[in-house]
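2 protein chains.
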Amino acid sequence: MPELRKDPVLGRWIIIAQERGKRPSDFVVAEAPTVGGFCPLCPGNENTTPHEVLTYGRHSDVPNSLGWKVRVVPNKYPALVIEGGLNREGEGLYDKMNGIGAHEVIVESPDHEDVFFRLAPEHMSLIFKAFQERIIDLEQDDRFRYVLVFKNFGKAAGASLEHSHSQLVALPVLPRKIESELAGALKYYNYKERCVYCDIIHQELMQNVRVVCQNEFFIALTPFAPRTPFEMCILPLKHSSAYHEQTEEEMFALAEIFSESLCRLDACIPNVPYNFVLHTQPLRSKHLPHFHWHFEIVPKLTSIAGFEWGSGFYINPMPPEEAASYLSESLERISQEDDQK
Amino acid sequence: MPELRKDPVLGRWIIIAQERGKRPSDFVVAEAPTVGGFCPLCPGNENTTPHEVLTYGRHSDVPNSLGWKVRVVPNKYPALVIEGGLNREGEGLYDKMNGIGAHEVIVESPDHEDVFFRLAPEHMSLIFKAFQERIIDLEQDDRFRYVLVFKNFGKAAGASLEHSHSQLVALPVLPRKIESELAGALKYYNYKERCVYCDIIHQELMQNVRVVCQNEFFIALTPFAPRTPFEMCILPLKHSSAYHEQTEEEMFALAEIFSESLCRLDACIPNVPYNFVLHTQPLRSKHLPHFHWHFEIVPKLTSIAGFEWGSGFYINPMPPEEAASYLSESLERISQEDDQK
Numbered sequence: 001m002p003e004l005r006k007d008p009v010l011g012r013w014i015i016i017a018q019e020r021g022k023r024p025s026d027f028v029v030a031e032a033p034t035v036g037g038f039c040p041l042c043p044g045n046e047n048t049t050p051h052e053v054l055t056y057g058r059h060s061d062v063p064n065s066l067g068w069k070v071r072v073v074p075n076k077y078p079a080l081v082i083e084g085g086l087n088r089e090g091e092g093l094y095d096k097m098n099g100i101g102a103h104e105v106i107v108e109s110p111d112h113e114d115v116f117f118r119l120a121p122e123h124m125s126l127i128f129k130a131f132q133e134r135i136i137d138l139e140q141d142d143r144f145r146y147v148l149v150f151k152n153f154g155k156a157a158g159a160s161l162e163h164s165h166s167q168l169v170a171l172p173v174l175p176r177k178i179e180s181e182l183a184g185a186l187k188y189y190n191y192k193e194r195c196v197y198c199d200i201i202h203q204e205l206m207q208n209v210r211v212v213c214q215n216e217f218f219i220a221l222t223p224f225a226p227r228t229p230f231e232m233c234i235l236p237l238k239h240s241s242a243y244h245e246q247t248e249e250e251m252f253a254l255a256e257i258f259s260e261s262l263c264r265l266d267a268c269i270p271n272v273p274y275n276f277v278l279h280t281q282p283l284r285s286k287h288l289p290h291f292h293w294h295f296e297i298v299p300k301l302t303s304i305a306g307f308e309w310g311s312g313f314y315i316n317p318m319p320p321e322e323a324a325s326y327l328s329e330s331l332e333r334i335s336q337e338d339d340q341k
Numbered sequence: 001m002p003e004l005r006k007d008p009v010l011g012r013w014i015i016i017a018q019e020r021g022k023r024p025s026d027f028v029v030a031e032a033p034t035v036g037g038f039c040p041l042c043p044g045n046e047n048t049t050p051h052e053v054l055t056y057g058r059h060s061d062v063p064n065s066l067g068w069k070v071r072v073v074p075n076k077y078p079a080l081v082i083e084g085g086l087n088r089e090g091e092g093l094y095d096k097m098n099g100i101g102a103h104e105v106i107v108e109s110p111d112h113e114d115v116f117f118r119l120a121p122e123h124m125s126l127i128f129k130a131f132q133e134r135i136i137d138l139e140q141d142d143r144f145r146y147v148l149v150f151k152n153f154g155k156a157a158g159a160s161l162e163h164s165h166s167q168l169v170a171l172p173v174l175p176r177k178i179e180s181e182l183a184g185a186l187k188y189y190n191y192k193e194r195c196v197y198c199d200i201i202h203q204e205l206m207q208n209v210r211v212v213c214q215n216e217f218f219i220a221l222t223p224f225a226p227r228t229p230f231e232m233c234i235l236p237l238k239h240s241s242a243y244h245e246q247t248e249e250e251m252f253a254l255a256e257i258f259s260e261s262l263c264r265l266d267a268c269i270p271n272v273p274y275n276f277v278l279h280t281q282p283l284r285s286k287h288l289p290h291f292h293w294h295f296e297i298v299p300k301l302t303s304i305a306g307f308e309w310g311s312g313f314y315i316n317p318m319p320p321e322e323a324a325s326y327l328s329e330s331l332e333r334i335s336q337e338d339d340q341k
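These protein sequence lines are chains U and W, in that order. According to my numbering, the residues represented by the first sequence are 1 to 341, in order. According to my numbering, the residues represented by the second sequence are 1 to 341, in order.
Check before you lean on any hint, since a few could be wrong.
Copies of the same chain are indistinguishable here, so a pair counts whether it falls within one copy or spans any two.
Simulated crosslink set (PhoX-like; lysine-lysine; CA at most 25 angstroms straight-line) [as the list claims (entries may be wrong)]:
hint, residue 1, residue 2
1, 129, 286
2, 187, 96
3, 129, 69
4, 177, 96
5, 96, 129
6, 69, 187
7, 177, 187
8, 6, 177
9, 6, 192
10, 6, 129
11, 192, 96
12, 96, 69
13, 238, 177
14, 6, 96
Don't read these hints as lab results, they were simulated from the structure. Since we're looking at a predicted model, the values are computed, not measured.
All chains, full assembly: derive it from the sequences and hints.
What follows is the structure in structure tokens.
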């Protein structure tokens, strides 16, 4: 059973997910394995994954069979396990509990060669809908307080399988970063009686130097204080703290802006590894006037070294205004270059 | 001029250290360059670095000449610059200021081939003394609030030069991680009227399952909730919040325990890349009953992916009790293996 442990000073939780029998020499510097021939996420191999919890696009009623467009399965090597009680307990001054949680894989397409950001919005919106549906389902489990949805694209960003997929982890505690965001946003709200994210959107539209693109429902921008070059944030224009309550129309618009933002990023730096994460309200929360759900997209372009580990400070060699300007011009530049050929 | 920017929600500061004329294609995934023939930190090349601010071991009075054992110079490519005022200002709801600070390199030995953890304690203690002396000197500059001392060893941990060196950055704001540690420790102190680190040391000595090694003045242990396999923490046994006030005898004992801890780590995983950071009290602080200075040593063995970025949670595949057991037996195991040959 994995274990959750809390740092007694920082309150930061960590998961001890012991891989049995690993010796020190097995901890070589993280380099994700390439899957040679066999892919457990490809159609035809449905029986090699744990039983699916959700699919879209299949016309037959036979579970774990062919014909799906998007498929959600429990992770075969989960960081947390679904069965058991939390068993919160102390060890002297330390706190720990069982590593209970859900860890699921969202297989984004049956086609092994498909790349997330090149999927048609009709298809991509099914993935965003799957995130919603899984959050709504996991919310019913009282042991869980938060569902973190994220994607690792490219080996350098931590992806261990080539086949396009994202992941979610349901956690029995509120992650420290979400807690900090909620606290920071509440502090601003208590002072101004306005949502800080709504104010950011308002200012970004006025200044128009960090906007990457926008549509009827969403805006993509480079944040004022980004951790890495080309970091982006996608926010709904209308205030909402609950990602899972967005309409299908909005999910389609989300797919459109996501696809455009990542195409622009790829046009700037082809095949750049990146992570994205969804920050939404905690499970079973009421609507929050101070919090605004959003996606953060973080390209893997700088290394986290002693200074960053020690301080929580980041050194970023590219101002977000310059990144936004490259991003917003990137597709146009490429099509001009094509015209000139 | 670099710029400091504050995230409006999290309060996290970042440094925009723009490298002029960099195009998106220049941001290839971080891979530190090897220095082929020429090393700016080697003896004989003293004139290729900015003017030294401290040396130990040189008998002559000629600055920037040969004969030193440890040499401190300003970083030639600093993340922050030393000249100028802070100019705190707003940009709508955002906060920023000039990127003012000191960024120095501690050249740990004249010998290009020397490895930090193999230096004799007499030599290594000079490095720890240099950290002290630089903190005391930079404390006089009212613009600075904190000096962060750190080391990147190995390319994967962010080292860009082969020649053994550590670094320090004097900052005009308190880093978020230090702020969190101070706040967490104060919360515990207000509740218990005891230092949380003193309590940790007491419990670790009692339990004796996470102790790596100890001597008259220091203890090295694997923390209860470590972020990575083989993470270690070195703390003084006697309460003190001020690293720069430790005696020469203590600095010698620190060199001894540091050397032993890193030799044990190297015996477990040869040449493992790692970072270390010093956490001490803020500049011009009075003695803090709740804070206890310490070094954190973080081997680079796991990758920071979407889950960690999004949550601030870490997944660690090795329990610290197991790591401590490997570490505490490592040197003995090697010497036994040698005996059997």
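Do the hints match the structure? See the list:
{"no.": "1", "hint": "129 to 286", "verdict": "within (21 angstroms within a copy, 54 angstroms between copies)"}
{"no.": "2", "hint": "187 to 96", "verdict": "between (29 angstroms within a copy, 19 angstroms between copies)"}
{"no.": "3", "hint": "129 to 69", "verdict": "within (12 angstroms within a copy, 62 angstroms between copies)"}
{"no.": "4", "hint": "177 to 96", "verdict": "both (19 angstroms within a copy, 22 angstroms between copies)"}
{"no.": "5", "hint": "96 to 129", "verdict": "neither (34 angstroms within a copy, 38 angstroms between copies)"}
{"no.": "6", "hint": "69 to 187", "verdict": "neither (43 angstroms within a copy, 51 angstroms between copies)"}
{"no.": "7", "hint": "177 to 187", "verdict": "both (15 angstroms within a copy, 19 angstroms between copies)"}
{"no.": "8", "hint": "6 to 177", "verdict": "both (14 angstroms within a copy, 16 angstroms between copies)"}
{"no.": "9", "hint": "6 to 192", "verdict": "between (33 angstroms within a copy, 18 angstroms between copies)"}
{"no.": "10", "hint": "6 to 129", "verdict": "neither (33 angstroms within a copy, 34 angstroms between copies)"}
{"no.": "11", "hint": "192 to 96", "verdict": "between (38 angstroms within a copy, 20 angstroms between copies)"}
{"no.": "12", "hint": "96 to 69", "verdict": "neither (40 angstroms within a copy, 46 angstroms between copies)"}
{"no.": "13", "hint": "238 to 177", "verdict": "within (23 angstroms within a copy, 33 angstroms between copies)"}
{"no.": "14", "hint": "6 to 96", "verdict": "within (6 angstroms within a copy, 33 angstroms between copies)"}
Of the numbered hints stated above, those contradicted by the structure are hints 5, 6, 10 and 12, listed in ascending order.
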